[in-house]
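Novice: What follows is each chain in one-letter form.
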Amino acid sequence: MTPPALELRGLSVAYREAVVLRRASWTAPVHGLAAIVGPNGAGKSTMLKAALGLVPLLAGEARFFGQPLAAVRRRVGYLPQRASVDWDFPATALQVAAMGRYPRAGWFRPLPRAEREHARAALAEVGLADLADRQIGQLSGGQQQRVFLARALALEAELYLMDEPFAGVDAATERAIVEVLRRLARQGRTVVAVHHDLATVAEYFNHVCLLNGEVVAAGPVATTFTPEHLARAYGGRLPLLDRQVLQPRPVLQAAVPA
Amino acid sequence: METLLQALAFAGGHNTRMVALGCAAFGLAAGALGCFVLLRGRALIADAAAHATLPGLCIAFILAAWLGGNPRSLPLLLAGAATTAAIGVLAAGAMVRGGRLRDDAAMALVVSLGFGIGVALLSVVQSLPVGGQAGLSSFILGQAAGMGQADALLIGGLALLALLAVAVLFRPLAVLCFDPEFAAVSGLPVRRLDLVLMALMLAVTVAGLRAIGLILVVALMVVPAATARLLTDRLPVMVPLAALLGAFAAWFGAGLSAAIPALPTGATIALVACGGFALALLFAPARGVIAFTLRQRRLRRELLAELR
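One line per chain: the protein sequences are V and D, in this order.
The opening residue of the first sequence carries number 193 in the numbering used here; numbering runs sequentially from there.
The opening residue of the second sequence carries number 1317 in the numbering used here; numbering runs sequentially from there.
Simulated from the structure, these hints should not be mistaken for laboratory data.
Bear in mind the structure is a predicted one, so any value in this text is a computation, not a measurement.
Keep in mind that the hints are not guaranteed to be accurate.
Covered, in the sense of this in silico footprint (three residues per stretch, anywhere, with C-beta under 8 Å from a C-beta of chain D), are these stretches of chain V [to be verified]:
id, stretch
1, 270-276
2, 295-304
Chain V is nowhere near these chain D residues, computed Cβ spacing over 10 Å in every case [unchecked claim]:
id, residue
3, 1321
4, 1381
5, 1395
6, 1402
7, 1403
8, 1424
9, 1467
10, 1615
Below, a sample of chain V positions facing chain D; criterion: calculated Cβ distance under 8 Å [as the list claims (entries may be wrong)]:
id, residue
11, 244
12, 246
13, 281
14, 283
15, 284
16, 291
Here a beta-carbon is modelled for each residue, glycine too, at the ideal position from N, C-alpha and C.
Take the sequences, apply the hints, and build the full model.
Specialist: What follows is the structure, encoded as structure tokens:
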């Protein structure tokens, strides 16, 4: 049996004194789109960062394709939150996308032409072919998010961990990103995304992990994304909790063919 | 005027030429490395490190005098300087990581402690029978005059090594500065890379101590990089441009202060660099004040015409 793309075993993380993630165990589905959902401060981003070794672990471990991350780095891609970097950095969209090729092409020589073309193709895939030579600070928020996505695509990973890929983007960009995620899923890759818009969970993802400091429930959206589980994850602090949230909206679904 | 031209043309004899070349090499390295120091948000640390060199200079001087060595040996003094600067920077880093202090407060602490201890030690040095701490005070404000050829070679060699390291590590450093989390997940040893960046910064700092002085050495790391940033949006252009600007400022400033002995070397070099920055601030094609104002005016005119 092939090992799962991502398996978390009892991940625990504390910042200063407060424990933000308590014994989180979860296995991402193979070849699918999985959402990590939960209220603010639930430890969603922390769970991704802990799995990737970006924050120190109190306990637990993360296995990627059955192995520690260091053994399979090339197969794993990360898309950080857009707000985590300074977009005034002196680089073009193409140069940022090209960063996704360095791990394969080598860090100590100029990027060969074929590799640069690869990065350009990744930009085209997210609809930014025309803006390749634009300085990244001159791009809109949605375009910046797509530059990050292009850099992730350039990695050609099998498993992607994405931190809020839809944060602060307009509807058109959101549709473009969803298209890319679905294409990745069709190619047999796995995407795990921190997501905060409950209204689109059922429409965009087929697997969900509900988090609130610990894993409240995880599994296929149809059986896991239920009012009972949501109430437990959000502790009753969920004004939007109604049937609408739980049903895919037919109008939008028609607009975005799967 | 003639002496100035002579100094700038390296015509003042072999020794002057070597000193000017050493200064230029320092400027080259400081400008290139400065881009990464700036983009990684380390400008304050660089300044703190420079101030924390003073205790090391004094301790090396005292130890050498005490043990019967040559207290004015430049390699010895620079080694001492680098040691206390490294201690200061690592201590500041530990305090910030431990969450005890914000980083600006930690930097201020390192500056105060480093410079305070240094000045106190300077009075100890003054009381030594070795005669004259004259050598040491020139490290505070910088003095290219009186530098020997061996000193110039040491400084130039140190600077060129740092420059070489920057060239080799260009891409890892760029990714580290832009997105450290992505760098870490991509397999770059982020912690070690940051240490290397700091070590290079220390190397360049001590290389500049003799000519520029510890108070102003940070100017050549920050100002050429900031100037280059105004002139380009591309890192592969910004780094060589900052290197050239730094080299020019160091060479021209050193020449100027050699021709007009009343001008202190460090201040002259720093002011030349700042002059370049002021020009770029005004005249930079896209980011300059004038271009910005003209663009604003044109946009307003177009908008008004549309509304009419």
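Novice: Decide, hint by hint, whether the structure agrees.
Specialist: Hint check results:
no., hint, result
1, 270-276, "holds (count 3)"
2, 295-304, "holds (count 3)"
3, 1321, "36 Å, holds"
4, 1381, "45 Å, holds"
5, 1395, "30 Å, holds"
6, 1402, "24 Å, holds"
7, 1403, "25 Å, holds"
8, 1424, "23 Å, holds"
9, 1467, "33 Å, holds"
10, 1615, "15 Å, holds"
11, 244, "5 Å, holds"
12, 246, "5 Å, holds"
13, 281, "5 Å, holds"
14, 283, "6 Å, holds"
15, 284, "7 Å, holds"
16, 291, "5 Å, holds"
When each numbered hint is compared with the structure, no violation occurs for any of them.
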